[in-house]
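Asks: Given only the sequences and the hints, what does the whole structure look like? Please build it.
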Amino acid sequence: MSISSQLDNNTLTVSISGQFDFSTHKAFRATLDSIDKHVKHVRVDMRTTDYLDSSALGMLLLLKSKMNDQKDAVALVNAKPEVKKILEIANFGQLFTLN
Amino acid sequence: MPKQINNDIQPKALVVDDSSTGRLLLGHMLEQLNYEVTTAKDGQEALDLFDPEQTDVVFMDVEMPVLDGIEATRLIRQRLSERFIPIIFVTAGDSDKYLDKCLEAGGDDFINKPFNATILSAKTRSLLRLKKIYSEQLEQKKEIMAFKSIEDSEHETAAALYENIVAAGYMPSPNLHSVLSPMAKFNGDILLCAYTPTDKLNVLLGDFTGHGITASLASSPAAEVFYGMSAKGFGIREITDEINNKLKKLLPVNMFLAATLACLDRENHNLSIITCGLPDHFLFCNETGSLQTIPSNNLPLGIINSSELNLIEEHFHVTSSQRLFMFSDGIIEAENETGTPFGFNGIKDCLRPGRPSCFDDIITSLNQHQGEQGQQDDITLVRLTCDFSPDKWALYQNSPQHVEVEPSIWTTSSTMDHSTLKRLNPVPTLVNSLMDIQGLTPFRESIFLVLTELFVNSLDHGLLQLDSSLKSSAEGFAQYFELKQQRLEQLSSGNIKFDFSHEPYKNGGILTIRVQDTGNGFDEKALVPTITANHSFSGRGIQLIRQICESLHYSANGRRSTATFIWQQPSDG
Numbered sequence: 001m002s003i004s005s006q007l008d009n010n011t012l013t014v015s016i017s018g019q020f021d022f023s024t025h026k027a028f029r030a031t032l033d034s035i036d037k038h039v040k041h042v043r044v045d046m047r048t049t050d051y052l053d054s055s056a057l058g059m060l061l062l063l064k065s066k067m068n069d070q071k072d073a074v075a076l077v078n079a080k081p082e083v084k085k086i087l088e089i090a091n092f093g094q095l096f097t098l099n
Numbered sequence: 001m002p003k004q005i006n007n008d009i010q011p012k013a014l015v016v017d018d019s020s021t022g023r024l025l026l027g028h029m030l031e032q033l034n035y036e037v038t039t040a041k042d043g044q045e046a047l048d049l050f051d052p053e054q055t056d057v058v059f060m061d062v063e064m065p066v067l068d069g070i071e072a073t074r075l076i077r078q079r080l081s082e083r084f085i086p087i088i089f090v091t092a093g094d095s096d097k098y099l100d101k102c103l104e105a106g107g108d109d110f111i112n113k114p115f116n117a118t119i120l121s122a123k124t125r126s127l128l129r130l131k132k133i134y135s136e137q138l139e140q141k142k143e144i145m146a147f148k149s150i151e152d153s154e155h156e157t158a159a160a161l162y163e164n165i166v167a168a169g170y171m172p173s174p175n176l177h178s179v180l181s182p183m184a185k186f187n188g189d190i191l192l193c194a195y196t197p198t199d200k201l202n203v204l205l206g207d208f209t210g211h212g213i214t215a216s217l218a219s220s221p222a223a224e225v226f227y228g229m230s231a232k233g234f235g236i237r238e239i240t241d242e243i244n245n246k247l248k249k250l251l252p253v254n255m256f257l258a259a260t261l262a263c264l265d266r267e268n269h270n271l272s273i274i275t276c277g278l279p280d281h282f283l284f285c286n287e288t289g290s291l292q293t294i295p296s297n298n299l300p301l302g303i304i305n306s307s308e309l310n311l312i313e314e315h316f317h318v319t320s321s322q323r324l325f326m327f328s329d330g331i332i333e334a335e336n337e338t339g340t341p342f343g344f345n346g347i348k349d350c351l352r353p354g355r356p357s358c359f360d361d362i363i364t365s366l367n368q369h370q371g372e373q374g375q376q377d378d379i380t381l382v383r384l385t386c387d388f389s390p391d392k393w394a395l396y397q398n399s400p401q402h403v404e405v406e407p408s409i410w411t412t413s414s415t416m417d418h419s420t421l422k423r424l425n426p427v428p429t430l431v432n433s434l435m436d437i438q439g440l441t442p443f444r445e446s447i448f449l450v451l452t453e454l455f456v457n458s459l460d461h462g463l464l465q466l467d468s469s470l471k472s473s474a475e476g477f478a479q480y481f482e483l484k485q486q487r488l489e490q491l492s493s494g495n496i497k498f499d500f501s502h503e504p505y506k507n508g509g510i511l512t513i514r515v516q517d518t519g520n521g522f523d524e525k526a527l528v529p530t531i532t533a534n535h536s537f538s539g540r541g542i543q544l545i546r547q548i549c550e551s552l553h554y555s556a557n558g559r560r561s562t563a564t565f566i567w568q569q570p571s572d573g
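Read top to bottom, the protein sequences are chains A and B. Reminder that position 41 of the first sequence reads as 41 in this note's numbering, one-by-one numbering, no gaps. Reminder that position 191 of the second sequence reads as 191 in this note's numbering, one-by-one numbering, no gaps.
Just so you know, the hints here were simulated from the structure itself, not pulled from any lab data. Model, not experiment: these values are computed from the prediction. Heads up, a few of these hints could be off.
Said to hold, decoys possible - In silico PhoX-like pairs for lysine-lysine, Cα to Cα no more than 25 Å straight-line:
#  : chain 1 : residue 1 : chain 2 : residue 2
1  : A       : Lys37     : A       : Lys26
2  : B       : Lys246    : A       : Lys71
3  : A       : Lys64     : A       : Lys85
4  : A       : Lys71     : A       : Lys84
5  : B       : Lys484    : B       : Lys249
6  : B       : Lys422    : B       : Lys248
7  : B       : Lys392    : A       : Lys64
8  : A       : Lys66     : B       : Lys249
9  : A       : Lys84     : A       : Lys64
10 : B       : Lys113    : B       : Lys101
11 : A       : Lys84     : A       : Lys37
12 : A       : Lys64     : B       : Lys248
13 : B       : Lys123    : B       : Lys97
14 : B       : Lys101    : A       : Lys64
15 : A       : Lys40     : A       : Lys71
16 : B       : Lys123    : B       : Lys113
17 : B       : Lys148    : B       : Lys12
18 : A       : Lys66     : B       : Lys392
19 : B       : Lys113    : B       : Lys41
20 : B       : Lys232    : B       : Lys392
21 : A       : Lys84     : B       : Lys131
22 : A       : Lys66     : B       : Lys497
23 : A       : Lys71     : B       : Lys392
24 : B       : Lys484    : B       : Lys392
25 : B       : Lys422    : A       : Lys26
26 : B       : Lys484    : B       : Lys422
27 : A       : Lys71     : B       : Lys141
28 : B       : Lys348    : A       : Lys85
29 : B       : Lys348    : A       : Lys80
30 : A       : Lys26     : B       : Lys141
31 : B       : Lys484    : B       : Lys497
Replies: Shown next, in the form of structure tokens:
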């Protein structure tokens, strides 16, 4: 598991590799803390995310809350089919931009 | 030569040697290295002087009178048990033969006479470092053990809490079969089951994020809402809304409840399901083998406000051969030796027609899949059998009780306008107020049933203009409910008025219920008996009301229905 993030203009891209679960909690929290008011959009890049558990879904909700619950503020992108399936079961398309 | 070994404290050495020259020489060299030195002339004196708190390293001669170095070392090690203090054997040229015994007794190193100060310094430094690491590890181990024992007791508390919360209102049903492993409970899986006053079966399977105490605490309000509202006759949509409401207020942002609520309706042979974030369910017919996948189509509960939730409720017309299989993700993710998950296919493969128990097949197949590598016991599997045979129902009828309130004369009425009807099923609330006024609790179920039937006819056929003939086919059945939801959302005028009047009669009273709507009216004779009428068990609907009530008649072109219900105190005994 590893998290890296990159700020480009107003958009923060957060890449999560490997298992996105409770073990990611601390690193993800640190990423959340680094978000300031200049960040208008967050792209969570899941190209290399292998797995997502419910505590990861909880962390995404924290991110959404950090971005003041704006639906289009957080995009979950490049998810592999098995990861996308988990997001779809939770119907997170209602809360985030999925693509 | 470095003088300081430990920055904070002067290290303490115990030198054991029967030769006073030897003690003096080594003691002096150690003092040069900044040690505080204690000496002993044989093994016995060493044991007497040895204090684990006051010793950092022991230098032990091998051959000594009274008690030799090897035996003394063995005894010191015994006394230390888990603690580690380095013991260095002091050997002369001829003592090679003892080396094995020295190590076996618990020696850590050797130093040869005559002593070389550099080697002495290096050896003691490295052993002291080892001692430091060792004692730090021991400390950590103790902390972990303490932590673990706290956690174990929390597990127990969580499990006990969970058991009490869930067991408090659980009504076992012969139609509901389940396996919930202790680990699954600890992980926040919950299963709730209750019959409503009109004998519908409500089931909730849920999976909380978080586990242990957290999940147990959160399951308490969910269970309370579920059991409380089921007992009052609310539908799963209202129950889901209310649980969502409670959890939204209660849970931190990152926690939620993935859940499915199902309601099996004996009267209509209808299975209603609201799926909120659990893995796909399967509706399986063990006669034809047909398998329908029911994916989750709502958000998990406790994330957004109920007003934004827009719950999708699905309706299936079911027969007694159909079973709904539900599970949380533990069973899907259970891995075999090569890390392959059991998956949806693992379950589907077991769902074949004509097998005595697909449920047992799934468990057996899962155990085989997991094999020798230790079962992951995070397993929740639930089967809801849509069996409508009478012995599976009417299990919780109360024995007749006395009506405690003296029969009296009263009337009451309420009017619900279109916007109220959109968000509220008024029946439970109205029935509750009748119970309060006249204490008719023993007749609650009958009154509930009558009022529900009159209200539903008024709403569906009066205000919403739904054609009940739709319900005569299985496809039309689901369409009917969809259309109802749609029209209800679009309803922009109209109301339904409820009048209740009561007067004493013989050894009890007469309750008159009048329900009137502002719709276009309908011909109650055109109400087609529901499809279930073709089955051995006939539809309950209006026929049943006629059985329960003294009279039922429609007037004002079907816009007004009036039912009179006569109750008598049950005879004692």
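Asks: Can you list which hints this structure breaks, lowest number first?
Replies: Hints 5, 7, 11, 14, 17, 18, 21, 22, 23, 24, 25, 27 contradicted; others consistent.
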